[in-house]
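There are 2 protein chains.
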Amino acid sequence: MRYYQFPKADEVRIDGGFFGHYMDIMADKALPYQWKVLNGELDGNPTVRNFYIAAGLETGSFSGVPYQDTDLAKWIDAVGCSLAGRKNEELERTADKVISAIVKAQDPDGYLDTYYQLVCPEKKWTDPESHELYCFGHMIEAGISYYEGTGKRALLDAACRLADHVCRVFGPGENQIHGYRGHEIIEMALVRLASITGRKQYEQLAEYFITARRDHPDLFYQDSRREGNPLDYGCWGWGDPERESSSYEHVTGHAVRAMYLYSGMADVAREMNDPAMQNHCAELFRDVTESQMYVTGGIGTTSVLEAYTYPYDLPNGTMYAETCASIGLCFFAQRLLRFQNRSSYADVMERCLCNILPAAVAQDGKHYFYVNPLEVNEEACRKSPLKTHVKPVRQPWYECACCPPNLARMLLSLPRYLYSWAEDRINIHLYAQSEAKLCPGGREITIEQQTEYPLHGEVRLRVRCGVSAPLTVALRIPDWCSDYSVMLNGTIATGKMEDGYLLLERDWEGNAEIVLQMKMAPVWLRANRNVREDCGKAVISRGPVIYCIEEKDNGELLQDIEADYRVPLTETVRRDVDGFLRYTAVIACGSRSAEQSGHRNCLYYPLTEDRRTVSVTAIPYCIWGERTAGEMTVWINI
Amino acid sequence: MRYYQFPKADEVRIDGGFFGHYMDIMADKALPYQWKVLNGELDGNPTVRNFYIAAGLETGSFSGVPYQDTDLAKWIDAVGCSLAGRKNEELERTADKVISAIVKAQDPDGYLDTYYQLVCPEKKWTDPESHELYCFGHMIEAGISYYEGTGKRALLDAACRLADHVCRVFGPGENQIHGYRGHEIIEMALVRLASITGRKQYEQLAEYFITARRDHPDLFYQDSRREGNPLDYGCWGWGDPERESSSYEHVTGHAVRAMYLYSGMADVAREMNDPAMQNHCAELFRDVTESQMYVTGGIGTTSVLEAYTYPYDLPNGTMYAETCASIGLCFFAQRLLRFQNRSSYADVMERCLCNILPAAVAQDGKHYFYVNPLEVNEEACRKSPLKTHVKPVRQPWYECACCPPNLARMLLSLPRYLYSWAEDRINIHLYAQSEAKLCPGGREITIEQQTEYPLHGEVRLRVRCGVSAPLTVALRIPDWCSDYSVMLNGTIATGKMEDGYLLLERDWEGNAEIVLQMKMAPVWLRANRNVREDCGKAVISRGPVIYCIEEKDNGELLQDIEADYRVPLTETVRRDVDGFLRYTAVIACGSRSAEQSGHRNCLYYPLTEDRRTVSVTAIPYCIWGERTAGEMTVWINI
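Protein sequences, first through last, are from chains A and B. With the working numbering, letter number 72 in the first sequence gets 72, and the count goes up by one each step, no holes. With the working numbering, letter number 382 in the second sequence gets 382, and the count goes up by one each step, no holes.
Just so you know, the hints here were simulated from the structure itself, not pulled from any lab data. A hint or two may mislead.
Identical copies carry no separate label here, and so any pair may be met within one copy or between two of them.
What the hints assert, rightly or not - No farther apart than 25 Å at their CA atoms in a straight line, the calculated lysine to any residue pairs in the SDA-like style are these:
1. 97 x 381
2. 391 x 250
3. 437 x 425
4. 496 x 394
5. 496 x 479
6. 200 x 578
7. 383 x 283
8. 383 x 496
9. 383 x 495
10. 123 x 175
11. 391 x 175
12. 87 x 289
13. 152 x 287
14. 391 x 306
15. 87 x 450
Modelling step: build the complete structure from the supplied sequences, incorporating the hints.
Here's what the structure looks like:
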């Protein structure tokens, strides 16, 4: 079985273009802003202070939610990713200082969770639903990223002490806790820590957690029931062990937790070389993305337990579609690519990275979406009990603020997602203005991408190699692309298509230029007819970019618009979003009910043809709400 | 100001036809079935037993919900209505027997509420949210109806003792409770009792309750807050007294309670001859029916507090649309007609009576809807947290069983709704096969209606009067009807149209025949464009009957169907619903996605024209789910 390696953050540099723009927002605007928030400089947020108190450097008591620590851990993680590519002394000083407080806050036995340390130390590891392992896991991830970005070991060493502590507390041994805890991430963190430290025991503990969930899926659930807790996080992808082992059902439960679990499962399946578990992961991914994913890359249908419901249930106004869930979907897709190089995984990453994820942050880096609606109007958000969780504009922060720093670490770690390689092959998963230095089979190869993708479909790749390098360069042909050409050093290149990748095999010694031209034009997409909520509707897309229509361009009552999909779509380039790049707006033809209808005040009236033609302007979903607040919808009546 | 009088149940007899059919179901099937349920013969329901225990005739303790008494009160009410028109000795014996137990259960001071009597007598009248006045009110209504239907006074006398008790307990006096209680109905009951007994004090107490709610709308609300109760029943139609008196807002709050309050308010506004309150009632009605009413006559948008949300928010799959709410809407409409003879009120009654209300009971009289969906699929009801309150098939009973006996008393009291009169005028509000004996200005006039309405649009009215009777007969021309003719004794009759009624003025001495021909053809209706959920959709109606499409006729995935409204609709007569009359099915032309789409497993794919033409069969909403379970939708994509 072939496994692919992904780059570390410092092996690829994304600079400019669409993805570079969002990395700039995160590095230059979001990270300083988020620090101010976490440090309590804006509204008294207690995150940093909790650590200072736990470290004995300040007096006071804990405040915030039990998983408050993770906000800071994610921020440090993001800073580490950012410093790998772009130096920033001030940011590094700030991070170093808070890391020293964190390290001081850690108990001698390695335990570190300021909520338990300050509020109820006697309850450590007693609550089956606690977020302790979630806090531990994020801090381990932070330690690794900060080490990778700066070479500094303080937090990495603390991370190892955290992991060692967990290794002692959990496991099959006599005096260990047999089981697991609520929110996942520790699994991914342990596998990553094992890889960087070479300590196999971390990997084994990750496997223990995954298989414990597989073999005792009701452990947590039973504990919850025993406590009288109404939470039911549902099926985690493994069949009920009391039924047939083939009793795989659709993915249910908490959307974020499911993605984090499956990502950890994919890590373990790869490290343990377990083909059955690998295939199970692939099935889970297929289920989510073929029947429970919004066209924007959002997942999580309902705010009730932040969960999936059932296949093809994708309501556009009441969804959850949490930013963190789509981040988790990217984690999962990337981990699948490590053992199954299929373009469908990268297609989903790209869907998230071009749509829901950039949509979740404003151009100022200071406003965020937690829930990412596909249809919104402000009155409904205020007055419908089904939509009060939906915000019609990006918010400065959230009480449960998992998303903003998670988005920062996701977007700043984008360099990790572009390529993967084995000894004889390099896979190009994402197209982005960038430079990379990779070492498949020990040969240093640089790849430079010049592209404005996804603004256009042209990608120029310069491949340079100083020594003889016979290998396959696999170019992903995206799912949206049905018309493309590839030139290699000026002549048309052909190659085998394999799982959505075009394979270019040759000796790459010297300089080579690949020009990939993907024809990019706006098209109407329809949803599978099983998606009842989208029947009679369509969405505009252009390349990987999903479009929406806004009140700003089209007036209020967007649902009154009916588009005529038979009239060809046209494009126009715009620059009207402050701080954003130029973008392509798409113009469709449609109709609206006539202004002067005689039935204006009637609730129901005989259908007549009194409609007037209007032009309908669509913009990329990722910049909705950037110009002004107002109605928005992704799906348009046709 | 002119006031109109409505008939008592024994002054009009409905026999045969659409409405007669539903009265038969209620009288012959539902009342015996409901008795068995309430008497605990089917599943141990405790309703009747609670009264026997309270009367000292059985031992045991109370069970059920605090308002359990009302289920029996409504049943007796319905029996009284039924006996007015059709004798049934067994039913009467059963009712007499349980009434004697009820009377025995009443405390010497008139108090009667078995929950408080048996569970917590020390808490009588202490809970501001209690259902005591709701129980009292329904028992008073039962006493009146049973007296009207049988001439027997036992329960009427008990009702007077109940009312006297409430008169002592509530009011502005020093030792009285200043305020009101949770669920309304006492107001309507007191006004009706005053009318039948001539005791003005009951009417004054009703006025006290209404004006207390107007002047202290936050009394109940504050009490709730003080108790830490999260319920907020919202605005009751009166502006906040601390703001301007003109601060009227949209109707909000609990849909059923609102209708019961407004109905009582209309009673008081009439009896107290208060034009401002009358106009306020008219405004409330207009607001509900012009912006918050489903096309079926359903009201109540959300299951959260069973409430309205905001104008034009009418989702079709998550609605509440409780049967009782539309019953209350009929109460309200009829009361408005007593002082404002506008056809819009009767149009709404007819909408409810031809659609949502008959839909709420099965042909066997033994299965009911509480929530009346406009769109349903069984999987969603099981798996979507937003739809678990929706049942895809009629249920034998409900834990909160307010609807089944309420529907019985509503449909069996239909004779009260057909006509109204003042000295010089008779208004004909509803068309139904029937005979009536009315006495406007003391002259006895009989009116016989021969019609299969709403199956057809022809109504033959025979008017007979033995003495000189110069008066206006006002025929309602329904809102759906734009093409009609009226013949009077064989010649075309003309008359002034006034508020939706055609006025025929003459001396009606002797026999006269009026033939009203309303052209009835199926049409497509569209919703006001402000109803976002219905944009891009239309509904089929035929006369006052709203249609739906079912899986049974059209296969699964009804949302995949797109109707072509440009192709004329056709009709076909069917008889395939066991126990139901023949009915008119409507056939439309539409399309569905092609069976063999290459994108069958794709979640999103480029829109193509691969659709196949299908015929779409619609049936009256009132008989949905009668043939087999399955998907149903009222609004069809166009």
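Can you give the numbers of the hints that this structure goes against, from lowest to highest?
Checked against the structure, the hints that fail are numbers 1, 4, 6, 8, 9, 11, 12, 13, while the rest are satisfied.
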